[in-house]
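Asker: Sequence:
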Amino acid sequence: MGESRPTAEDDDEDEEAPVRQIKTQPRGDDGYVPGSIVRIKLHNFVTYDDVEFRPGPYLNMILGPNGTGKSSIACAICLGLNWPPTVLGRAADVPSFVKMDADSGFIEIELKGSKGEDNVVIRRVIHRNSRVTTFTLNGKSSTGKDVNAKMEELNVQVGNLCSFLPQDKVSEFAAMSPQQLLRETQRAAGDKSLSKWHATLIEHGKTLNGVQAKLNEEITQLNQMKERNEAIERDVQRFLERKQIEDAIALLKVLIPTRIYDEMRTAFQKIKLQQRQQHKLVSLLKEKNAPAHAKLKYLEAKHAAMEQSRNRQKKTIIDLFTKLADLSKQSEKYYDEAEEINRRMDDAEKDEKNRINRIRGLENDIAKIKEKLEEEVKIEDEKELEAERRQVAERMRVAREAMGVLQDRMREVANQKAHLNHRIQRLQEELNGLAQYENRQLSRLHQSDKDAADAVVWLRRNRDKFQMEVIEPAFISVSVVKEYNGRPTPASIADAVEACITGYMPRMFVAQCQEDADTLNHWVNDTDQALGRRASIAVWYKPQDQLSPPPVPSEQLSALGFEGYALDFVKCPEPMRWFLSSNAGMHAIAISLSEQRTDVSQMTDIVGNCGGGSFIVDHTRHSISKSRYGRRTVTSSTYTFGRANIFAVDAQAPSVDEGVRGRLISGMQEAQKEVEMLDEQIREVEAEIATANGKGRELNAEMDAVKKRADVIKQTKNKQAQLKSQLQTKRDRLRTTQNEQPIEEKRAKLKKDLLELGTRRIKLTKEIIDLARTIRDEQTKNTMTGIKHLQLAANKEALEKLFKEKDDKYQKALAKFAELDKQYQNDKVQTKAALDASHAALGDCEPDIRAQYEEIQRKRAEYKAAVEQAKKEGRDEPEPPEDMDQRTAEDLQTELDNEEAKLELNSNNNPGVVEQYEARKRQIEVLERTIEKEQREAAGLEKKIKRAQDNWKPALEKLVSSIGKKFSATFDRIGCAGEVRIREDPDYEKWAIDILVKFRDSEKLQLLTAQRQSGGERSLTTILYLMSLTEEARAPFSLVDEINQGMDQRAERMVHNSMVEVTCKPESAQYFLITPKLLPDLKYHERMKILCVNNGEWLPEDTSAGGNMNDMITRFLRHRNKNANAA
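In terms of full-length UniProt numbering, the sequence shown opens at residue 1 and continues consecutively.
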């Protein structure tokens, strides 16, 4: 064979084309393939002190009794080439392989080097007390990574069970999944790129599935978004039309104030010019009349000064008159006070007589009160009465405590009665609930799955937490129909239905949307908020999709002897039917009640032709499968089932457990008896309470009598205290009256007050006379000032009359100026207001309206500048441009009214609709680009997958076909049957190699598993598969350890002979077969090498004493020849 040569690919450089590859490197002159083992040397390793041997380049049979260290050689190869101990299935750490009585050891393995290179010598030193090991590579210190790199270069595959099968891993080969077997086979044999292509297919396949799923979701989302935008497009158009009108109105509302300002400013400039011209005329006329104006101003100023002087004098006189009025009022006040003093002098005699009468009356009152106080009053002893009250109060306290005890007893008994009544009610509800199917099922579910049952109860109480109804498990929500086709449903139908709903399915909660499934998982599984603990329940949701059709139309089932499909016999909510169809396939499982009238063979063929499925006959379920490879044979497996334990036909539903009913009734009766006993206690306590209430009333009456007697004592004491208080008050008033001022002193004081008042009145009269004289002088002075003021006013009036006659032209000019100035000021204010309004309108407008406004104003300004320039140059005014806005303010206002009328006719839409439309439109554009990109990505992945599959599948089929032919031929030679098939799947990770074997004529081909076949059958199948693989192997050496254990002699002989034939061909790689035993007269080939393990405790130290294997064989042959000659 020649070297491999890759082919070019147009766009995928990383993909390799299928080319003819050599399985191993070219064999050397010494017969060894590069990477095969030339020499092994062990020191202090497991059972060996020291050993060194050289295996041959082809089949090496390692023989020896158990315990001598045959499998230790396999361990040495594995560990020496830096594979982990897990490959061996023995000790988990390397130090365990050091010989028991040694601290360290080493493994040295010499491998055949590549062509033109030296052999590779690897030594690994291991220590008993340390996990650290050291490597040397060709005598130089190296690392494990260096060794691994060398192994990869030489394609050594110790970690592949197809190439290296230790004793403790034999059972694992049969236990390998078909998918794992395919991967290991690819690694061990065939084209070296198989694993790479397969990995590429798996990776790209997963990526493609993800991209396609995402693409489908995004396309659905894109279509939905487009449909939503199409639905609101008309509203968006109306909104845009309204927006256009609103923009036009907004622009007009900015233009109108500006245009009004422009027009008002033009008028203002005109009136301003007229006002300035009139002002010049007035100023000229005013200069001509300046002398007369100066004289008039002099008179006006003098007249104003005189007016001020006259006003000051008037104010002074008014102030003097005000003061005179105040003094007069004070004089009248003094007069009234004198009159009051005279009146009080007259009343003093009367007051004295009244004082004497009051003294006599108070003395009489005092005498009467003393008489009343001296009267003798009899009252009870207050201390004795208080002692009596305390005795009664103590008896009342004791009675209250006794009443409290009775009331506590009553409450306790009442609570016990209420608790028992609640218990009776609960037991009655449970008893009633046992009669309902769902509650019975819930009770049974509680016995088998407490979490699921508690979750059902919680779900019933918390329906509001879910968007849609969550269906309770089939255990509760599914039952078998009462009738079918007009006749009662046989009880055996329930058995068949239950045989379809197995495993976790009876306890599965079915949600109708992903949100509800997540909600239920959150409350029950993820947190302890629902049940007070974290539970474990099964929750299922799957969007409804197209189901595969049943194998036979329903109307044709009766002709085949079937009653119907399993789903036809159940009664449940629709979402549960979807679950039973999708997960249990009950819509396609036919049920027959009689094996005699059912053609099982025909139904098997029908179901097999449909790709496989199940059907039920009597109490046997038939499962049919069809191979996807080779001859696509149909296989069938069966199992029997018993009576239904969960589901039952409604008419024959299991009755209530009488034991449960009896316990409930007994509990109710016991509770009722306890209630009757409590009622008797309640009556006794009520009687005691009535007696206590009577005694309490007697004590209350006795206490009331004591309180009344105490009140009499209190009232008597209060009356005596009141009399004493009145006596003291009368005495105080008598003393005060007797101490009042005598009448002579009063009279003397009043005369003195009258004299002082007369003195003040004389002084005040003098002040009034002086003030009257001052007023007279001020009035005379004011009269003279008034005469002067009148004369000055007459002179001023005469001058003004003369000035007016001379200044008529000036006044008319001034009046016209005043009129123009008023109009100027008014126009100025209005123009300023118009400017402010224009600025305000412009400041409130949106940026796009401002831009339109500025463009219009720019064109108008350009035209205005052109007109001004034409005037300066003496040319005619240019024509205004066609695109210039020439509308007046009135025109703009008319247009504004029209646009507002249009706006009223256009209904107002939600502006959010446009935002949604535009946002969704942008999202659509982004999503379309994303979809286009992902479609390109998917197309690229599909192209890569096709290219890799075109490389991988033919190479794999070729490899498996070659292995299968050898495998089947080998099985045929021993009178058995075997096939090796590829199992395809849309998911490349699930592609597998199925090994099917048949060891007896009565059997059908069955899949090799770790459970179905015996140990010997598995060992035979394993070694035959490995032998079939040998010719295709790429590894430089392979090893199997004690694979012949459990085989009978015929199989072992056949296997040995086939192995010798396969492994001793000139092109075969190195092979190790480890076994503790061999049959006699086995086939031998000159390329074989027999390695006998001569190891143990009793080997002689001196090899000359008989411990040398070669000497032992020589002596045996000499002895045998001698005996033959003698004969």
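Don't take every hint at face value.
[Said to hold, decoys possible] Here are the simulated DSS-like pairs of lysine-lysine, each with C-alpha atoms no more than 30 Å apart in a straight line:
| no. | residue 1 | residue 2 |
| --- | --- | --- |
| 1 | Lys-99 | Lys-140 |
| 2 | Lys-383 | Lys-714 |
| 3 | Lys-482 | Lys-465 |
| 4 | Lys-115 | Lys-99 |
| 5 | Lys-542 | Lys-214 |
[As the list claims (entries may be wrong)] Distance windows between CB atoms, simulated:
| no. | residue 1 | residue 2 | range |
| --- | --- | --- | --- |
| 6 | Lys-383 | Arg-735 | 17 to 27 Å |
| 7 | Pro-878 | Thr-266 | 16 to 26 Å |
| 8 | Gly-503 | Pro-573 | 17 to 27 Å |
| 9 | Gly-159 | Glu-1061 | 40 to 50 Å |
| 10 | Pro-573 | Ser-636 | 27 to 37 Å |
| 11 | Gly-159 | Thr-1114 | 33 to 43 Å |
| 12 | Glu-937 | Glu-1061 | 45 to 55 Å |
| 13 | Glu-515 | Gly-210 | 18 to 28 Å |
| 14 | His-127 | Gly-210 | 33 to 43 Å |
| 15 | Thr-1114 | Asp-1081 | 41 to 51 Å |
| 16 | Gly-210 | Glu-595 | 19 to 29 Å |
Treat the hints as calculated values from the structure; they're not laboratory data.
Bear in mind that the values here come from a model prediction, so they are computed numbers and not experimental data.
Glycine included, C-beta positions come from ideal geometry on N, C-alpha and C.
Asker: The structure should be examined with respect to each hint, and the outcome stated for every one.
Answerer: Going through the hints against the structure:
no., hint, verdict
1, Lys-99 to Lys-140, "25 Å, holds"
2, Lys-383 to Lys-714, "13 Å, holds"
3, Lys-482 to Lys-465, "34 Å, violated"
4, Lys-115 to Lys-99, "37 Å, violated"
5, Lys-542 to Lys-214, "17 Å, holds"
6, Lys-383 to Arg-735: 17 to 27 Å, "39 Å, violated"
7, Pro-878 to Thr-266: 16 to 26 Å, "19 Å, holds"
8, Gly-503 to Pro-573: 17 to 27 Å, "21 Å, holds"
9, Gly-159 to Glu-1061: 40 to 50 Å, "28 Å, violated"
10, Pro-573 to Ser-636: 27 to 37 Å, "34 Å, holds"
11, Gly-159 to Thr-1114: 33 to 43 Å, "41 Å, holds"
12, Glu-937 to Glu-1061: 45 to 55 Å, "52 Å, holds"
13, Glu-515 to Gly-210: 18 to 28 Å, "23 Å, holds"
14, His-127 to Gly-210: 33 to 43 Å, "49 Å, violated"
15, Thr-1114 to Asp-1081: 41 to 51 Å, "22 Å, violated"
16, Gly-210 to Glu-595: 19 to 29 Å, "48 Å, violated"
The structure shown violates the earlier hints numbered 3, 4, 6, 9, 14, 15 and 16.
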